[in-house]
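Go by the hints and put chains B, C and D with the ligands onto chain A.
Protein chains in written order, with the numbering used here: chain A, 1 to 574; chain B, 1 to 574; chain C, 1 to 281; chain D, 1 to 281.
Please note that the accuracy of each hint is not assured.
Here are the simulated EDC-like cross-link-like pairs (lysine to aspartate or glutamate), alpha carbons at most 20 Å apart as the crow flies [claimed, not checked]:
#1 B:K393 with C:E135
#2 C:K5 with B:E340
#3 D:K126 with B:D512
#4 A:K237 with D:E278
#5 B:K446 with A:D555
#6 A:K376 with D:D3
#7 B:K180 with B:D155
#8 C:K271 with B:E23
#9 A:K515 with A:D555
#10 B:K500 with B:E449
#11 B:K500 with B:D512
#12 A:K376 with A:D555
#13 B:K440 with A:E23
#14 B:K237 with D:E134
#15 A:K574 with A:E449
#16 D:K227 with C:E235
#17 A:K379 with D:E10
#18 A:K237 with D:E279
#19 D:K271 with A:D198
#20 B:K100 with B:D122
#21 A:K440 with D:E10
#22 D:K249 with C:E134
#23 C:K227 with D:D234
#24 A:K237 with C:D3
#25 B:K420 with C:D3
#26 B:K379 with C:E268
#27 C:K249 with D:E274
#28 A:K376 with D:E278
#29 B:K460 with B:E494
#30 B:K377 with C:D3
#31 B:K237 with C:D37
#32 B:K160 with C:E279
#33 A:K420 with D:E278
#34 A:K519 with B:D122
#35 B:K2 with B:D67
#36 B:K440 with A:E77
#37 D:K249 with C:E235
#38 A:K440 with B:D122
Think of the hints as simulated: they come from the structure by calculation, not from any bench.
Listed below are the residues making up each chain.
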Amino acid sequence: MKRNDLAVRIGGQAGDGSLATGELLSKFFRRNGFFVATDKDFPSRIRGGHTSYAIRGAQKEIFSIGDNIDVLLAFDEDSISLHLDEIESGGLLIYDNSRKDMDIERKDIRMYKMPLANIAKDKIGLELIKNTMALGVLAYLFNFNESLMRETIHDSYKNKSEKIIEENIKAFEVGLEHAKNFQKMENYKIENLGVREDTLLLMGNEAIGLGAMAAGCKFIAAYPITPASDVLEFLSKHLPERGGIAIQAESEIAAINMAIGAGYAGMRSMAVTSGPGFDLKTEALGLASMIEQPVVVLDAMRSGPSTGMATKTEQSDLFHAIYGGHGEKPRIVIAPGNVEEAFYFSFHAFNLAEKYQVPVIILSDELISWNKQVVKKFKLDGLKIERGKIMLKIESQDREFKRYEFTEDGISPRPIPGVKNGIHLETGDEHDEYGHITEKIPNRNKMMEKRMKRMDFMKKDLFPSIVQGEGNIAIVGLGSTQGPIMEAIEQLNERNVNVKYIRIRTLSPFLDDVKDHLKNVDLAFFVEQNYTGQLENLVRLYTGFDKTYAIRKYDGRSFKPKMISSKILEVLGK
Amino acid sequence: MKRNDLAVRIGGQAGDGSLATGELLSKFFRRNGFFVATDKDFPSRIRGGHTSYAIRGAQKEIFSIGDNIDVLLAFDEDSISLHLDEIESGGLLIYDNSRKDMDIERKDIRMYKMPLANIAKDKIGLELIKNTMALGVLAYLFNFNESLMRETIHDSYKNKSEKIIEENIKAFEVGLEHAKNFQKMENYKIENLGVREDTLLLMGNEAIGLGAMAAGCKFIAAYPITPASDVLEFLSKHLPERGGIAIQAESEIAAINMAIGAGYAGMRSMAVTSGPGFDLKTEALGLASMIEQPVVVLDAMRSGPSTGMATKTEQSDLFHAIYGGHGEKPRIVIAPGNVEEAFYFSFHAFNLAEKYQVPVIILSDELISWNKQVVKKFKLDGLKIERGKIMLKIESQDREFKRYEFTEDGISPRPIPGVKNGIHLETGDEHDEYGHITEKIPNRNKMMEKRMKRMDFMKKDLFPSIVQGEGNIAIVGLGSTQGPIMEAIEQLNERNVNVKYIRIRTLSPFLDDVKDHLKNVDLAFFVEQNYTGQLENLVRLYTGFDKTYAIRKYDGRSFKPKMISSKILEVLGK
Amino acid sequence: MIDVKLYDKETPTWCPGCGDYGVLTALKRAAANLELDPSRTVVVTGIGCSSKINSYFYSYGIHTLHGRAAAVAEGIKLANPDLEVIVAGGDGDAYAIGTEHFVHLARRNLDIAYIVMDNQIYGLTKGQVSPTSEEGFVTITTPYGSPEKPVNGPLLAFSAGATYIARGFSGDIVQLSKLIEDGIRHKGFALIDVLSPCVTWNKINTYDWYKAHSYQLKDHDPSNKAKAFQILSDEDHLALGLIYKKEEKIYEEKLPRKFVANPFQNIEVDKSIENIYEEFL
Amino acid sequence: MIDVKLYDKETPTWCPGCGDYGVLTALKRAAANLELDPSRTVVVTGIGCSSKINSYFYSYGIHTLHGRAAAVAEGIKLANPDLEVIVAGGDGDAYAIGTEHFVHLARRNLDIAYIVMDNQIYGLTKGQVSPTSEEGFVTITTPYGSPEKPVNGPLLAFSAGATYIARGFSGDIVQLSKLIEDGIRHKGFALIDVLSPCVTWNKINTYDWYKAHSYQLKDHDPSNKAKAFQILSDEDHLALGLIYKKEEKIYEEKLPRKFVANPFQNIEVDKSIENIYEEFL
Ligand SMILES: Cc1ncc(C[n+]2csc(CCOP(=O)(O)OP(=O)(O)O)c2C)c(N)n1
Ligand SMILES: Cc1ncc(C[n+]2csc(CCOP(=O)(O)OP(=O)(O)O)c2C)c(N)n1
Ligand code: SF4
Ligand code: SF4
Ligand SMILES: [Mg+2]
Ligand SMILES: [Mg+2]
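Chain A on its own, in the form it takes in the complex:
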């Protein structure tokens, strides 16, 4: 009997509606008192091509879909060929055989075929509504709380017309009804735990948007790109009512330069993008470092190189985020590991950017940016705005202000235009304390040191690694691999293998704690979603640590916990 833990995958062709259905189911799970993890897999085109959306709801806190699914809701054949094996023994396959029937081989699962699309067309006159109907089937088979389902359907469509709501409710009822022809899944027990009022269901991009707003960010400039556009879209809706501006720029180059301009004028600003667009920001990021202007940039990493697989994940921009661009310049790079952290990192990014007068790059990956999780409502009370040396008023009346004054920590007072007595020039050319262009040697040396030394000063303010467990075997990772790694660790623990999990969260400047954590480690498994092992290389570079074993994945799909645990068991000979 499996209790209060259910993973459902909805598969179909792009445009089939799997997405909306998945969203609805996730919402239901949250309202049912569950935690939620999701995993989207859809092609980079609008119609056609196999799409699938996996949603897991569970009573315990989860970060990953897990290895297997309990239910496969299959609207096309690809769903079967790709995901049939994934169904847990004792699980369920619902196959919509409206278009085509096929023989499916698996004795150990329940298999219900039904012509959902046909019924939908028949009964509601709308083929696409088969999705909601399928939810009715699920609700019946797993004893979901029906009125909660109805309420969720209602709320999900409340921005649409009354008619749409009605149709969907009706489709749900038809599903419920139709399901009565089948046997309930008695080996599962899904209880209504009562909604937890202290949680939210959202994706990383939304968390980043909320974090930015909480931090008083009032300016976002971006050019649409998968999987970062959501942040622009979210803020386009919510910034204006806060006196802010969201602008879809003519390109990523325009966007970052606008954001730098806004930041220079004293407004907290950000630009969001992914790989190809991030490449285009390279030059301007160097400018921000040189003129010592804060700006926050999101790179939601996707599968490269070049256009690559736009809707697939990867963790392959680390070196570019840290070192990209000519010359040497201070910058911060941080990588949240889950949706909750995405909020807090986004919030703090704005503080860090202003305190250290540098660009801050939030390195998320497609899985964090896109997948929804249930998280605790954010604790806003503990948060504080820190603007560093911004000058909103200046008493002294020097004709020119020493914008780049040499100071102890390398950071200088920063008046914004409009402030009396703060007049100065900022320039990407090498300059003196006043911002006058100069190439004099002593000044150059001091300015380079001034700019760079903050990389040491800021370390105390950055996010140390999260370490969990102990022992001389370690797993090291960053970003979204947290989910599968945590479950892999559970699997390892079950086999009496204890590991120390080091999740690195700050990439630039590289923090000293990593070396400490690796001190007594004999073997570290680096779990990364890339080909060359960028995190492993980074750690090697800064710590010299080289007792590593690489577990890498570069096919754009998320890790399954077992891929990690079984590899580790194999290597350890267990």
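Chains B, C and D with the ligands only, in chain A's frame:
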């Protein structure tokens, strides 16, 4: 008595003509049978600001100006304040006191003041011709071969009018005449060794241009930028007569994309730039790797970050050149160490690009790109064009061609448009063997491996480090530091300190030889023109070698040999 | 005439009803009429739904970067002027991120035809505002309506010096294929701007909307520059047909380039560089 | 009126005779006439000789990247519309690498004045061809003459929707300062294109050349669009004066933005995000 080795620095305000004079003197030295090394230092503006040009001519092969100069030809006060100390004891200062006179303190040198500008105005009616006049003075004082000087002046202005030639010859004579008021420099002996017909005097950018032309490059697209524009300028003159095209694009982004287009069409092509423009090429470089198209890109490194100091040198783009851009992609990065190598590397870059179907980045630095050296005429007979798997004719008649066929070495046949039976699509999206867009997992994995495995295959074809000397103390460097390092080594040898000099020439892929060379090294001095020690970090990353001592310089000016040798002596306690 | 089927390739994955189907059909017909040899034709695209057109058209093709198709095409055309080079892509590709290359290609007047499939929306990225969206247009990135005046692409090309400017409509394949055909035939840069509805994300600028807001040019002399300006400036009434045409020397012919047969085919070490050595003596 | 000396800063390092001196003087006069408060004025520049103008003009200034001044300026203006934002730079900066931002700034019609110092050459990088160089122009990168039709910057701005287009001449500081002054005063995007000779690298387009090739606009009604087009199109006779002007709502006013006093000054943690939580329940 110093024999056949003379270093002259000409200093003045930008626009004062130091440049042309330096060029003339270099030419003379070559024709006099000398080797030549030069070092330019001028501001990033058109007029005003101190400029200086150092030229050294010597019988022995030299790569650097050396620690001191023998003659300072000073046309402004900055020349004195900046360079007086540089004059070798027993050397000479010629100070043009036309504008202003000043007290100059140095007992150990010869000091001649003369109002060159005034005389020039008086006698020729052209103030600027003071430069050529100064050469007359030098010629007298050092017993230069006068008729060779006249010939050199004549040839230098032969593209200008007869009048200009005459004026300059006259100025030279006036200088000669005027110098008779002063005592000759009897502690120097400059003999005419007779011109070596097997040498050329040129700068790295010209060598790169020649190398490209020798390799059959017929297309250059670039946007002007210091210090790379010369290559565009040089090829603009010489490509058309070879049936080629030089195009000044609307931006660096346009330039690289045009070059990729030309390469795709089968024409050997290149784009040249420096830091800021190189940043802008980041995205397109990823495209070239993904579609497996050859293209050669020059990054002539200058002082960053951002606009930085445009006319000053640096070696600070290593990590960007190697890793810049999102995602993981094969690319070659090579760094020539002198003008001669610049030619050969440029030539081979085109072979490498076509053989391995990747972008090849030539990483020069401002000192290599700009400074003139006397080099042996290039050996063209030993060179061979290698185009790899280009297909200019295809027999088989498949409707679509497998442009990305999986092969042993990861490199596939490459038909160019216009070739019958070669029809295919190239795309920056992930694709199958035919170039059809697909996100299927097994194909994705194989394609990533296909693209990346060439990074191993190509190693045998790349430039191993040059190692000179032996012992357990090493100096490691790349690019233009070769000059000062070689002289520093002579200085160390004089103090009985033997070092092993490892000059790294290939940065990506990182070659295995470096590790071998470092095997018995107890201490390696990394001599670099940057702040963070990029070469040191790279070596550490790939070899784990960490017994390093950093000698870095980031003020945009070249190393003096003594900066290196004295630091090493100090560290070694000698 | 060649059978249009020659140009068939993969089955498009565009949404049913997408305007781009019409453009693909028109392009195939134009190619067939022109008897284009697929092995001497290159279709260069950027990124977008529309930019996938070369996955569906049988010839050499290169699917490049968002906004950069024009620059890549220029490189191809200059390297081998014998090739027929056609650029195709979306409104975002041409008039937002590609503005720079678009303008400069137009002024250079290379012999390249550029087909813009203008759906006034970003299709592939799911419905954001486009540079050609009308002021006030509501999208997911402009929930309160776009505050921007649209870019008038054809007028931009015109002011940059384009020598062939036509507007077609996906709903009229006969005319469109003719405009494309003539554009390819035109010696110089040819812009064929196509009203090509996105049925999924743009519910305003539909086939019907375009029908209602466009009109057929009649008795128009495309060499009349002042008239062309007037026609192009009228954004409320979209003229369909050939709006402007001028014969002008093409870039390829103006280049100072010695003729060398196939400069990219049989390469040898170019020893003639030794002739340049005298600069370095 | 304020004393123009208020705006003095560093001594320019331009070559003696450079046209940009005239522009600097005109800008200072315009500022003085407008009584611009240096602490509420930002001069945004790209890279080039001309882009150094904010080293020599006393106000807030930001010297950005080659081609990107317009985008930075938009960010500044949107963040704080109370500031007077002026962009200045060269022909390469605006019409080559900056084309994209230039066009899109014009169509957005932000209240920004843009001064282009057009010397038809790349000054700072030492004499390469510029997008405004005439066809056939010989430079170090076009030793056989440029094969490209020049970009007509003002026409480009016009077709992009600019609402104030004027052309001035460095040799006529009185008129130029008036055009700049009015451009700054104009509510919306104002282009002031200035014929500003480079005495060092461009020996063709000299002060005399510009005098010979330009004329004063007389009795011209700048609201006449067709006439403006005609004037702008004539590249052989360069009109000096205000060519086009239109009153139009500015971008800042069209933004769906709730008024919040000084949204960048006293920031607190924005707890109102909790109102959005309902989307996530
Ligand atoms: C540098 C870069 N930025 C953004 C994207 C994401 N992107 C892909 S297509 C597209 C725009 C699509 O709109 P359009 O050009 O009008 O083509 P359509 O899909 O409407 O045919 C965008 C923004 C990208 N691929 N590369
Ligand atoms: C990205 C980038 N590319 C190239 C350069 C080099 N660069 C500096 S100024 C300039 C052009 C100068 O011409 P223009 O804009 O007309 O200004 P002018 O000097 O003539 O006033 C160039 C190409 C640069 N700084 N950055
Ligand atoms: S999303 Fe729009 S543009 Fe893209 S294929 Fe569908 S209908 Fe066509
Ligand atoms: S080079 Fe030309 S543009 Fe630059 S300062 Fe000198 S005259 Fe002016
Ligand atoms: Mg579109
Ligand atoms: Mg210029």
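Hint by hint, here is what the structure shows:
1. For the proposed pair K393 (chain B) and E135 (chain C), the alpha carbon gap of about 53 Å is over 20 Å, so the pair is violated.
2. Taking the CA atoms of K5 (chain C) and E340 (chain B), the gap is about 56 Å. The hint is violated against a cut of 20 Å.
3. Restraint check: the Cα-Cα separation between K126 (chain D) and D512 (chain B) comes to about 43 Å, which exceeds 20 Å; the hinted pair is violated.
4. Restraint check: the Cα-Cα separation between K237 (chain A) and E278 (chain D) comes to about 14 Å, which is no more than 20 Å; the hinted pair holds.
5. At most 20 Å may separate the alpha-carbon atoms for a hinted pair to count; K446 (chain B) and D555 (chain A) meet this at roughly 10 Å.
6. In summary, the hint linking K376 (chain A) to D3 (chain D) is not supported, as the alpha carbons are separated by about 61 Å, beyond the 20 Å threshold.
7. For the given pair, K180 (chain B) sits about 26 Å from D155 (chain B) by alpha-carbon distance, which is inconsistent with the 20 Å threshold.
8. A C-alpha spacing of about 26 Å is found between K271 (chain C) and E23 (chain B), which places the hinted pair above 20 Å, so the restraint is violated.
9. About 30 Å separates the Cα atoms of K515 (chain A) and D555 (chain A), which puts this hinted pair outside 20 Å; it is violated.
10. Straight-line distance between C-alpha atoms of K500 (chain B) and E449 (chain B) comes to about 37 Å, which puts the hinted pair past the 20 Å bound.
11. Among the hinted pairs, K500 (chain B) with D512 (chain B) is consistent with the structure: their alpha-carbon atoms are about 17 Å apart, no more than 20 Å.
12. The hinted pair formed by K376 (chain A) and D555 (chain A) fails the criterion: a straight-line CA distance of about 32 Å is larger than 20 Å.
13. Distance restraint check for K440 (chain B) and E23 (chain A): the Cα-Cα separation of roughly 25 Å exceeds the 20 Å cut-off, and the hinted pair is therefore not satisfied.
14. About 19 Å separates the Cα atoms of K237 (chain B) and E134 (chain D), which keeps this hinted pair within 20 Å; it holds.
15. Between K574 (chain A) and E449 (chain A) the CA atoms are separated by roughly 51 Å; this puts the pair beyond 20 Å, and the hint is violated.
16. A threshold of 20 Å between alpha carbons decides the hint, and for K227 (chain D) with E235 (chain C) the separation of about 19 Å falls inside it, so the pair holds.
17. As the CA atoms of K379 (chain A) and E10 (chain D) are separated by approximately 51 Å, the hinted pair breaks the 20 Å bound.
18. A hinted pair counts as satisfied when its Cα atoms are at most 20 Å apart, and K237 (chain A) with E279 (chain D) qualifies at roughly 12 Å.
19. Between K271 (chain D) and D198 (chain A) the alpha-carbon distance is near 16 Å, which keeps this suggested pair within the 20 Å criterion.
20. Taking the CA atoms of K100 (chain B) and D122 (chain B), the gap is about 17 Å. The hint holds against a cut of 20 Å.
21. A hinted pair counts as satisfied when its Cα atoms are at most 20 Å apart, and K440 (chain A) with E10 (chain D) qualifies at roughly 17 Å.
22. Annotation: proposed proximity of K249 (chain D) to E134 (chain C) holds, straight-line Cα distance about 15 Å (limit 20 Å).
23. Pair hint K227 (chain C) plus D234 (chain D) holds up; C-alpha atoms about 16 Å apart against a cutoff of 20 Å.
24. As the CA atoms of K237 (chain A) and D3 (chain C) are separated by approximately 51 Å, the hinted pair breaks the 20 Å bound.
25. Restraint check: the Cα-Cα separation between K420 (chain B) and D3 (chain C) comes to about 18 Å, which is no more than 20 Å; the hinted pair holds.
26. For the given pair, K379 (chain B) sits about 15 Å from E268 (chain C) by alpha-carbon distance, which is consistent with the 20 Å threshold.
27. The suggested pairing of K249 (chain C) with E274 (chain D) is violated, with an alpha-carbon distance near 64 Å, which exceeds 20 Å.
28. Proximity of K376 (chain A) to E278 (chain D) is assessed by CA-CA distance (about 14 Å); at most 20 Å being required, the pair is judged to hold.
29. A hinted pair counts as satisfied when its Cα atoms are at most 20 Å apart, and K460 (chain B) with E494 (chain B) does not qualify at roughly 37 Å.
30. Only pairs whose Cα atoms come within 20 Å are accepted, and K377 (chain B) paired with D3 (chain C) is rejected, the gap being roughly 58 Å.
31. Distance check on the hinted pair: K237 (chain B) and D37 (chain C) sit about 35 Å apart at the alpha-carbon level, beyond 20 Å; violated.
32. Distance hint between K160 (chain B) and E279 (chain C) is fulfilled; the C-alpha atoms sit about 14 Å from each other, no more than 20 Å.
33. With a C-alpha separation of about 43 Å, the suggested pairing of K420 (chain A) with E278 (chain D) is violated against the 20 Å cut-off.
34. For the hint pairing K519 (chain A) with D122 (chain B), the CA-to-CA distance comes to about 78 Å; that exceeds 20 Å, so the pair is violated.
35. The straight-line distance between the Cα atoms of K2 (chain B) and D67 (chain B) is roughly 15 Å, inside the 20 Å bound, and the hint therefore holds.
36. A hinted pair counts as satisfied when its Cα atoms are at most 20 Å apart, and K440 (chain B) with E77 (chain A) qualifies at roughly 15 Å.
37. Proposed proximity of K249 (chain D) and E235 (chain C) is supported: the alpha carbons are some 18 Å apart, at most 20 Å.
38. Pair hint K440 (chain A) plus D122 (chain B) does not hold up; C-alpha atoms about 35 Å apart against a cutoff of 20 Å.
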